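Participant: First to last, the sequence lines map onto chains A and B.
So the first sequence is numbered by numbering that gives the first Met the number 0: it starts at 0 and just counts up by one.
So the second sequence is numbered by numbering that gives the first Met the number 0: it starts at 0 and just counts up by one.
I should point out that these hints are in silico values taken from the structure, not numbers from a laboratory.
A couple of the hints might just be wrong.
Which copy is meant is left open, because identical chains are indistinguishable; a pair holds if it fits in one copy or across any two.
Mimicking BS3-like on lysine-lysine, the simulated pairs with C-alpha atoms at most 27 Å apart in a straight line are [unchecked claim]: (1) Lys36 to Lys20; (2) Lys106 to Lys36; (3) Lys82 to Lys20; (4) Lys106 to Lys4; (5) Lys142 to Lys20; (6) Lys113 to Lys20; (7) Lys20 to Lys114; (8) Lys288 to Lys231.
All values derive from a computational prediction rather than experimental measurement.
Protein chains: 2
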Amino acid sequence: MSRMKEFRFIEIASRIFERRKREVIAGAGDDDCAVIKIGDQYLILTTDNLHEKADFPESMSPYEMGHMAVAVNFSDLAGTGAKPEYFLFDITIREGIDEGFFVQILKGIEDLAKKYDAEVVGGDIDFGDELYITGFAAGIARKPALQSGARTGDRVYITGVTGKAELSLEQLFSGKKREEIPFISSLFTPEPKIWEGIEISEYASAMTDISDSLAISLHNISRKSGVKIVLKEEYFPLTELTELVSYGRALELFLYGGGDFELVFTSEESDRGIMIGEVMDGSGVFIEKRSGIEEVDFRGYSHF
Amino acid sequence: MSRMKEFRFIEIASRIFERRKREVIAGAGDDDCAVIKIGDQYLILTTDNLHEKADFPESMSPYEMGHMAVAVNFSDLAGTGAKPEYFLFDITIREGIDEGFFVQILKGIEDLAKKYDAEVVGGDIDFGDELYITGFAAGIARKPALQSGARTGDRVYITGVTGKAELSLEQLFSGKKREEIPFISSLFTPEPKIWEGIEISEYASAMTDISDSLAISLHNISRKSGVKIVLKEEYFPLTELTELVSYGRALELFLYGGGDFELVFTSEESDRGIMIGEVMDGSGVFIEKRSGIEEVDFRGYSHF
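With the sequences and hints as input, model every part of the structure.
Facilitator: Given below as structure tokens:
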């Protein structure tokens, strides 16, 4: 079903839940994660749900499914500048999933959690018609970066090239084997940008992870910060993509491809990341091309 | 699928996840919830997953589904003595669920969270073949009660009569209408014993909520505490049940019925709750009847 329908339902949800606690800096629908002030630190909570038909390509191993369930949640934490601490999961097992398969999912979960010194502290297991893995992550941030802090005069940066996951998915669908696909790890074992997120959160005015598409993440920052974002096409790092596809296709993948686990942030200045545009007074997201200024659509396409 | 298969998979899971953090007092598979020491308090985390075919009777309203998704998680918190603070959800929507239905689920979630002064701080929405509601709850406890603390000489107490939810389910299946079923609220809008749990945790040696059955909760306490539990049939509060079913059936429902949201705890003494037995040296769970001592099976039956 459409991503737009999902956004519509998220919008409905954000109107129903009351903000009641002063320590909740960001809650349902406000940002990547819930941000809760506790003493001089912040407890960061997030949840993300994956299911077989929409999120796991046929050739994905159960170990990679477990990895992915942690990665999508940790990427939300990364987008807020949080260090992952605790992870819980719910797995719905369907007929045909044996103990060996199940163990591999859990190992994928455990290994990625361990890599970032987080601990798997709970889980629930059910049986149903489709394989689901829902994750819940709790992290700690010293200085959380929200989507709402971008200011006129800031520049816009990304931590890496987007579009690789989408391109890999296309290549997989076109019949290529996993081992023939150059950026296959961005599709099967994406790495959440945890350390980058923590470092960048120290000075970024706004930050978020890119899961649906760069375009959608930028629209979120623009809307929540009340600013205009203008990208410069000439800054775009497209060479890795144009080695494999046409320039036009590379541009499309870069802006609208989903599934990458990079971060996008705004800051007056940054030694880290790739500068792709700037923040101005106004609203909306635009791209400055040789041919003139164009609007960037609010769309992405990550699920299959 | 069988509850036993679920326990088997939970056992596998508990062997895979490493304990690495000193502040994690109880983790995956150890107790009702994860218990994490933070300063002089404890952060309590839990997750529970409901899905339509197994957990929602046909006549359950969407508002009640939302209520239930919060209640199952808050009951885990109650069983540890925690005050609920934050709640997150993942909802998988299927074809045929419209906005009105969805809004009612969310209102059920919001209202029960609000009742215990907890805040709904996040959520994720997906589309699939079956309606799923996964909940994550975070709470705070001053003195968490684990399943592992029961000591020889303690007495065993419950906060209320178990078996009502199962009986109501049976009556529903036998063709009775909702309004004809006396304990229907225990099936459709069970109330987690939050305030009781917090008060009892101040002095209980062990505590847990009763979701699968009284028998299973007692077996968990017995195994994790390394003690024998001996129930006395003469103490059992069965009159509410025997007004509706035979004595034998009432006894069966009381011990093995699932879906009640009561607490069971052990303590040297308690003004609260109904005393049903005692803790002794040894292992296993037994019941002392007029006719002699019998073992209590490790079984429950809550899902339909």
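Participant: Evaluate each hint against the coordinates.
Facilitator: Going down the list of hints, with the structure as the test:
no.: 1; hint: Lys36 to Lys20; in the structure: both (10 Å within a copy, 22 Å between copies)
no.: 2; hint: Lys106 to Lys36; in the structure: between (32 Å within a copy, 26 Å between copies)
no.: 3; hint: Lys82 to Lys20; in the structure: both (23 Å within a copy, 14 Å between copies)
no.: 4; hint: Lys106 to Lys4; in the structure: between (34 Å within a copy, 20 Å between copies)
no.: 5; hint: Lys142 to Lys20; in the structure: both (19 Å within a copy, 23 Å between copies)
no.: 6; hint: Lys113 to Lys20; in the structure: between (32 Å within a copy, 11 Å between copies)
no.: 7; hint: Lys20 to Lys114; in the structure: between (33 Å within a copy, 14 Å between copies)
no.: 8; hint: Lys288 to Lys231; in the structure: within (7 Å within a copy, 82 Å between copies)
Checked against the numbered hints given earlier, this structure breaks none of them.
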